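**Q** Letter by letter, the chains look like this.
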Amino acid sequence: MHIDAYLYRKRRIKNGLALIFGSAAAVLGLGFLAWILGTTLIKGVSALSPALFVEMTPPPGAADGGLANALFGSVLITLLATAIGAPIGILAGLWLAEYARHSKLGLVVRFVNDILLSAPSIVIGLFIYTAVVVTLNQYSGGSLGFSGFAGSLALAMLVVPVVTRTTDEMMQLQPPAMREAALALGIPQWKVTLQILLRAARAGVVTGVLLSIARITGETAPLLFTAFGNQYWNADVLKPMATVPVTIFQFAMSPFENWQHLAWAGALLLTLFVLLLNLSSRFFFRNRDSK
Amino acid sequence: MTDQTLPLSAVQEQRIRRDTRADVWFRRLLFSAALLVLLVLVGAAASTLWGGRHAFMTFGLDFITSAEWDVGAEKFGALVPIYGTLMTSFIALLLAVPTAFGIALFLSEIAPPWLRGPVATAVELLAGIPSIIYGMWGLFVFGPFMAAYISPFINDYLGAIPVIGVLFQGPPLGIGMLTAGIVLAIMILPFITSVMYEVFRSVPAQLKESAYALGSTTWEVCWDIVLPYTRSAVVGGAFLGLGRALGETMAVTFVLGNAHQFSLSLMMPSSSIASVIANEFNEAYTDLHRSSLIALGFLLFVVTFFVLLAARLMLSQLSRKAGN
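Each protein sequence line maps, in turn, to chains A and B. Position in the first sequence (first residue = 1) + 6 = my numbering. Position in the second sequence (first residue = 1) + 139 = my numbering.
Everything labelled a hint here was simulated from the structure, so no lab data went into it. Wrong hints could be hidden among the right ones.
To be verified - Pair ranges (Cβ atoms, derived):
hint, chain 1, residue 1, chain 2, residue 2, range
1, A, ARG17, B, PRO291, 38 to 46 angstroms
2, A, THR141, B, PHE445, 26 to 34 angstroms
3, B, PRO257, A, PHE290, 17 to 25 angstroms
4, A, SER109, B, ASP158, 47 to 55 angstroms
5, A, SER286, B, ALA149, 47 to 55 angstroms
6, B, LEU178, A, ASN143, 16 to 24 angstroms
As the structure is a prediction and not an experimental result, all values here were calculated from the model. Using N, Cα and C, we set each Cβ at its ideal position, and we do this for glycine too.
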């Protein structure tokens, strides 16, 4: 009896310690989240001003300034990247789910796609630099090179795996009976896929696209040597273009106080946008799902 | 049966032919999109290898084993960034894996049901924050915090230990491999946590309930039932985090200090592969310098590829067990 009581107490203490450890880990994790978000919020809000959306990024030493050109560049490049990447991702996802669900090549593509999902984005930047920026530069005799378009291509490479994955998953969730019923009516397969199955899965597919936008909004590394950066307003996608993340990167490391303020303001805008997108895609999907 | 079918009218036949042709083209279109996915992987590897050929051919193996990175003398050896990348990722894993395990334990076994949803959502939101925010926070908030409170403490106590003390000696700069490792740990924590939580939930309830019915404590169920059942996926999740950590640029670049001197100490500034590329690429004016940076990218890509490959293989083992 004596030994039993001892063992029992030992097990209980061990369990208690484990529970404390688990709870402490959760508190720690959430604490860091609160710390990071809190810092961004406080420093960002104090740097917010209408000038942010109107004025251009300031040159070194100049007072004030805004992020207008960077915001515009970010929106344009993100939209372009989504326009390029999302259709490719959807098509690839459709192929995986409808034509290659169990084939060997399908497994390989799915596997490679999963790896690309977390591949280092800076290498994607280098890829586009060597494949697009350098090539364009050579063939145009030096007049073209870094460009907003190259930046969009780099980001599109990050959109593709996210959209492919979600499309594949969502299409696989569609009931086989629906597919079979449609085919039995003699509808050609492309129509079945696009107009019946994809339509049924569209909430999930849209969620995937929204998540991919959230993913690329804050990406900095692939833009450094593709879109490069630009101090001025530029709407020509074949020229270097400023973006918010790259501007943050340059400004945060600088010794100028107003640059650092702008960096925090940009950080706040990015964070809010990404959080909003993540939350709304979650709600969007849940509402569609429950119907 | 076939001889009983009515002959098709010309219009119908034309329609069938058109549908078939459309189907073939549709299939080709989808297939080429899927091939593009493969092409991205091959293209990234091939283009960085091609771009880095100059450096590989000039330095050979020295590129990996030499610690001399001298832009002026056109000498490029990548030992310091390689060491920095591995060390910061190692620190990050060391800190993040147990914490992620704790949070997953909390979410799946400890927390009351009403708390699970919000906490799990918060963890996923943390995963969505752009890495550059982590970097800025590290530079402006966490770095100074380390310099003021943590570094002197570590220096005094851990630095005094023989042998491993070398790792912890250095001026309280606030930036360096330890700080970068901690920031990375915070960044990969949500990824690992959500994988672990997900696989913990996949454990059949009967298994856990049987153990509880035999009188097991929560900890025993977790350690002896849940963990062995999910082992390969848990390791896979950790590897997934490692893959992220190795290739992460922004969270690290801000707090690493971009130094090319080799030092064992974790308190000293260093550099990682990604941070060197991010810092120097646009200021690299010689072909060899640029080529060396692209070659670094190639090394990074190859290493992360194998880490992620291992991660995916281990993760797929669990789903095979579950019968999917």
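**Q** So which hints don't hold here, by number, going up?
**A** 4
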